Structure formats: C-alpha cells, structure tokens
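Keeping the supplied structure of chain A fixed, place chain B upon it in accordance with the hints.
Quick mapping for you: the protein sequence lines, in order, are chains A and B.
Heads up: the first sequence runs through residues 4 to 340, numbered per the working numbering.
Heads up: the second sequence runs through residues 4 to 340, numbered per the working numbering.
Just so you know, the hints here were simulated from the structure itself, not pulled from any lab data.
You can trust all of the hints, since none of them are fake.
Given that identical chains are not distinguished, each listed pair holds provided it fits within a single copy or across any two copies.
List of simulated lysine to aspartate or glutamate pairs, EDC-like, C-alpha gap at most 20 Å:
| id | residue 1 | residue 2 |
| --- | --- | --- |
| 1 | K194 | D205 |
| 2 | K30 | E51 |
| 3 | K333 | E12 |
| 4 | K92 | E51 |
| 5 | K333 | E17 |
| 6 | K252 | E328 |
| 7 | K252 | E310 |
If you're wondering where the values come from, they're calculated on a predicted model, not measured in any experiment.
Chain by chain, the residues run as shown.
Number of protein chains: 2
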Amino acid sequence: MAMAPREPEPQTAEERLIARYFRPLAKHPGAFGLIDDAAVLTPPAGTEIVLTTDAIVGSVHFFADDPADMVARKALRVNLSDLAAKGAKPAGFLMSLALPNAIDERWLDAFARGLGADAEAYGCPLLGGDSVRIPGPVAVSITAFGTLPQGTLVRRSGARPGERVVVTGTIGDAALGLLLRHDSSAAARWKLAAREQEHLVDRYRLPQPRNAVAEAVRLHASAAMDVSDGLVGDLGKLCAASGVGAEIKADRVPLSEAARRAVAAEPTLLETALTGGDDYEIVCTVATDKLASFRAAVAPAGVAFTEIGEITSGTGAQFLDRNGEPMLFKQTSFSHF
Amino acid sequence: MAMAPREPEPQTAEERLIARYFRPLAKHPGAFGLIDDAAVLTPPAGTEIVLTTDAIVGSVHFFADDPADMVARKALRVNLSDLAAKGAKPAGFLMSLALPNAIDERWLDAFARGLGADAEAYGCPLLGGDSVRIPGPVAVSITAFGTLPQGTLVRRSGARPGERVVVTGTIGDAALGLLLRHDSSAAARWKLAAREQEHLVDRYRLPQPRNAVAEAVRLHASAAMDVSDGLVGDLGKLCAASGVGAEIKADRVPLSEAARRAVAAEPTLLETALTGGDDYEIVCTVATDKLASFRAAVAPAGVAFTEIGEITSGTGAQFLDRNGEPMLFKQTSFSHF
Numbered sequence: 004m005a006m007a008p009r010e011p012e013p014q015t016a017e018e019r020l021i022a023r024y025f026r027p028l029a030k031h032p033g034a035f036g037l038i039d040d041a042a043v044l045t046p047p048a049g050t051e052i053v054l055t056t057d058a059i060v061g062s063v064h065f066f067a068d069d070p071a072d073m074v075a076r077k078a079l080r081v082n083l084s085d086l087a088a089k090g091a092k093p094a095g096f097l098m099s100l101a102l103p104n105a106i107d108e109r110w111l112d113a114f115a116r117g118l119g120a121d122a123e124a125y126g127c128p129l130l131g132g133d134s135v136r137i138p139g140p141v142a143v144s145i146t147a148f149g150t151l152p153q154g155t156l157v158r159r160s161g162a163r164p165g166e167r168v169v170v171t172g173t174i175g176d177a178a179l180g181l182l183l184r185h186d187s188s189a190a191a192r193w194k195l196a197a198r199e200q201e202h203l204v205d206r207y208r209l210p211q212p213r214n215a216v217a218e219a220v221r222l223h224a225s226a227a228m229d230v231s232d233g234l235v236g237d238l239g240k241l242c243a244a245s246g247v248g249a250e251i252k253a254d255r256v257p258l259s260e261a262a263r264r265a266v267a268a269e270p271t272l273l274e275t276a277l278t279g280g281d282d283y284e285i286v287c288t289v290a291t292d293k294l295a296s297f298r299a300a301v302a303p304a305g306v307a308f309t310e311i312g313e314i315t316s317g318t319g320a321q322f323l324d325r326n327g328e329p330m331l332f333k334q335t336s337f338s339h340f
Numbered sequence: 004m005a006m007a008p009r010e011p012e013p014q015t016a017e018e019r020l021i022a023r024y025f026r027p028l029a030k031h032p033g034a035f036g037l038i039d040d041a042a043v044l045t046p047p048a049g050t051e052i053v054l055t056t057d058a059i060v061g062s063v064h065f066f067a068d069d070p071a072d073m074v075a076r077k078a079l080r081v082n083l084s085d086l087a088a089k090g091a092k093p094a095g096f097l098m099s100l101a102l103p104n105a106i107d108e109r110w111l112d113a114f115a116r117g118l119g120a121d122a123e124a125y126g127c128p129l130l131g132g133d134s135v136r137i138p139g140p141v142a143v144s145i146t147a148f149g150t151l152p153q154g155t156l157v158r159r160s161g162a163r164p165g166e167r168v169v170v171t172g173t174i175g176d177a178a179l180g181l182l183l184r185h186d187s188s189a190a191a192r193w194k195l196a197a198r199e200q201e202h203l204v205d206r207y208r209l210p211q212p213r214n215a216v217a218e219a220v221r222l223h224a225s226a227a228m229d230v231s232d233g234l235v236g237d238l239g240k241l242c243a244a245s246g247v248g249a250e251i252k253a254d255r256v257p258l259s260e261a262a263r264r265a266v267a268a269e270p271t272l273l274e275t276a277l278t279g280g281d282d283y284e285i286v287c288t289v290a291t292d293k294l295a296s297f298r299a300a301v302a303p304a305g306v307a308f309t310e311i312g313e314i315t316s317g318t319g320a321q322f323l324d325r326n327g328e329p330m331l332f333k334q335t336s337f338s339h340f
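Excised from the complex, chain A in its bound form (with noise of 0.2 Å):
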C-alpha cells in the first residue's frame, strides 16, 4: 500500500495557517506540499518556462470590503491574462500575501477556497509562496508560470503595417463596473436594469482571462498583450513597442450590452470604456490571411472576437469616432504614478 506523503506538524501559527489553508491547494510534486524552502519545474524538453507577476492590493485595486473568494480569484486571474496573452499555458504559481492583523480565519478560509477553486479551474496549480504581516492593507503578489514551445512567445513587437486589430470578449465594463462600485446611485442616471448593473460590478471584481484562446492566439496573432490599463493606452504600448501606428474604428470597440446603455446615457462614458482598464481582455493583430483561421480557431471557446481596426506605418494608436475624426482623451492609460 502506498504511504501517504509525509507532512510534519506545524509547529507555529504560520506553519499552521500555511498547513491549513494552502497545503490543500499544492498539488502539484514540485509544490513539496509547501514543506520546502522552495518548488521546483521541470520544463519539458523544447518548451520555455513563461514568467509573470501582478500585485493587487486593498483599497487600490479591490475594496477592503470585496468577498476574500473574489480578492483571491482576481490576484490570481491577472496573472493568468498575462500568460494568455502571450500564448502560454498555465504551469502553477506562487503568492505571497500579507496580511493585517485583522484578517481572520474566515476571510482566509474564504480567500483559500477561491483560489484553490481557480487553480482548478486554469490547471493553475500553487507551487508555493511566502506569508507575511503587514501594518496596512491586504497585499497579494502572485507571480504565474507558462510553458510555450521554445521561441513562440507572441511579443508586444510583432505587429506590422496591414495586420489587423483583434480584440477579444467586451471592452469597458470593469471600468464602469468601478464607478458603480464607488457610486451606485449611477445605475439610475445610467438607465440600467439591476442585473446589467451586475454585470458591469462583477467584471471589475471578477476578470475572465482569456485563457481558452492562447493556444489561437499563439498560433494566429503577430502581437498580442492583455488590456489590463484601457485599451487606448495598452493598444498605443503595442504600437510603440512593434514601431507601428494603429487605426481603430472606436464604435467597432465591442461593449457589453450594459455598456452600451450606459454609453448611451452618458456620451463621456465611452472614454471611460476606452481608457479605463481591468478589462484583461486580449487586444492582438493578424496578418489578414490569417485572420479567418483565427477566428475560426476561438469560435469553439464561445469567446468574442472583434475586428476593430488595422495596423498602419504612422505611430501611437488613433481611435476614429463615427465621422471619421481622431478621438482626443484625457488620458489614455491607467497609470499608478
């Protein structure tokens, strides 16, 4: 018969939270079942090992008061947008979490069970990671593997002149999902209807990488990064880092149906959708004869897969409004700085 594995008892209380809470989740045998000072991945031959990390931290990019469940589920799905706009497929994470001293056993109880729950879901699973105290808010720091076969990495630089612009799912609606959360008497101005008001707060607090089609978008897209800071801003990153312009037909931008009413009531709002990021979509340019394949290759994932406009030899990402006239905004990216 064989012997379980052994798993010494915990000495401290952070030995005891770790056993407790994130043992369950460390499936993975180069996890060590969390009893090591480290993990380890074994890349199979030809691949490479993608690497990415995202912080999210209370009263920044959550609310103190958002279900632990969600805050664990978003840490850990801003990391698995990154990997799938770059192709990859998912290989396990660490995280390293500090916590106040108020957190209690219910909070964590709550944050385990949703991450363990996307580990799942993504074949995501946790390596390892590093507990902490911190004298001010949650702070979650995941950094998340991928593997790719050597050298198919779709980099920001790819894009060239001619291609087209891809992007996936809707765009906007974790931005205005964040001014409802900060002020919901907005639903009403905005003409919603209770569970499009839902939509929108749930995609602020909920992201859905788009994980399903990074196997399409690595065999398809000659550029490719995730919208996580507005569309506007991360499409203009794209163009400056391929030394390309880009033309997109702003009312071509998909928005969600709650989006569009709200767009509708309020015109400015449609800058804020452009412009306001968390919307971990995937924003991607094809090669025009590759653009059916592509299409063809997402259909099967049910995710949404819009042409907005074309790559051009001029420089920075100009957004057309319906005449036809360049759109000037504000500001174009979320920026922490």
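Just chain B, lined up with the frame of chain A:
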C-alpha cells in the same frame, strides 16, 4: 552595426518609473527590456527550475528609515539565500514593488542602485515586475529562479540518523542586531565596541546569502535549508520533514565575536541568538564520509563551516547545554502569525 534594441518612449508615469530605474537592470534577453507582459526563461536541457518567493515589508522586515539601497538588497538576498540552501544557481528574478505616496525619486534611485549592484554581484538579473501604489508601508515581493541539474535539489527531507549537522557562517548576529536597532543603549550593557555593534546591526540589515557554497551543498548535503526563522525552529522543521531528530551541542553553534561578547554579558541572549531568526545561513546534514570533502569544497569561498551536532532516530531538534542538559526555549521560531 547592430541596432540597439527598440525602447519605446514611456507614455505614463508608471512607464517612466520603470524605464528610468529598472530597465537598466533588465539586461537578460528574456526580460525583453521590461516592455512586454511577461519574461522568458529557457532552461538548458536536463536542468530544472527552482522557484522561491519571499516578501519584505516596511516596519516588519526593515525599518521605515533604513537606506533604500539596503532594503532592495535585503529583498533580493533573502530570496538568494533560499536558492543557495537548495544548491541552485541564480538565474534571475521578478519583483513586485508596492510603494506609498511618500516615496520620492531619491529613494527610488537608491533602491534601484542597491538592487542593481546585487543583481550583478550574484549573477541574478531582473527579468520583470510590477509596481503598484499602496496605502501602507513599502512592500517588496521578489520571486527568484535558480537552475539545477535535474533531480539534484537538496530538500529538507533527506536527513538520516548518524549524519552530521553543519551550519555556515555565524548564528544569532541579526537577532542581536535587531535588538540593538530597537535600543542602541543595549550596546553599553553588552560591553560592545562600536565596530561590534555595527557588525550586529549590519547583519540584520544586510543578509549574506551563501550562494558561494551552493554547489558544495548540492554535491555533499543530504538535506538543507536556509536559517531564516531561527536555528532551533528551522532545524526542527528539517528534522520533521526528514522524520528524524537532532542532537546539537549549543556551545558548538558558531557565534561571532560580537555575539559572544553580548552573550557573556547577558547569558539569556543565547536563546535570542539560537531562536531569533534572520540569519540567512545554511543548516544542512551530511554523511560522515562526505564531511571532509564538503569542508574542503567550502573552504575556497571563505565561508565558515561548523559541525554542531548529529542527526538521531528520535524526533525534534534538541539543543544541549554545557552540562549535556536539554535546553528549553520560550519560543523556538519566529512566526508572523
């Protein structure tokens, strides 16, 4: 003539911060100059990747007024110490940096300088990162990567009865240094010369990870871990993971001259030294027939190497005083919770 890599003009304050302070550190080709969503590591065939993450937080792991270059170096070094204890060679790191509003350019400049100096010194380049605002203390979370020939990671669980227990460097300096940092008047009570006081405080402020002996550890040790939460508790963890006990002669535990003087003045400080943490030395176990070659392999690095006791078939790490009596400790290990 080779073209310089394309470096797009930073568009936001966050991008400017990254471009100015951190891009110069990201020399590894897999870092893509910090202008992509992710980095890439391509491990040579037959190697595995060792992953470790440790965070340090202001007012918890360092003092708010500690020099910024020291904060950066400590953040990297606590991670390098884990790689050293596992026998791995540093390959690079990701950093997630949470900064309060009060941080200014001078602080960032010094931080980046310290980080760059150690990245260079330890051959561990910056591969990527994330920077966010925090309504709280500075928090630096680093994930470090190392490489190893496949299957050669030195775990905590390999210790066997009859093996010798070895530690590098000296134990307890940092714990005493922390007391001095809180109350410099203790230096007089402990009869310390100025340079001894400085030595202890420096050992708290700036760990000396033992990466120079990582290869020797890999080739000789049966089990190893870095001493970060106190020798007594950490060796206890190693014993628990290995299913063995240890019998340590407390007076064999290597103390620096400064620590010896402090303990002579206040004998209860011996407990502080043995259980206080922040040593960032390596404790490991080694079969008796490998001891001499291990010692010889460590010698060129100029790192002290001290045999302090042996592994038994019992349970727990027992520390014996001069009279051979087991010592009792109030708390064996540092714990955040």
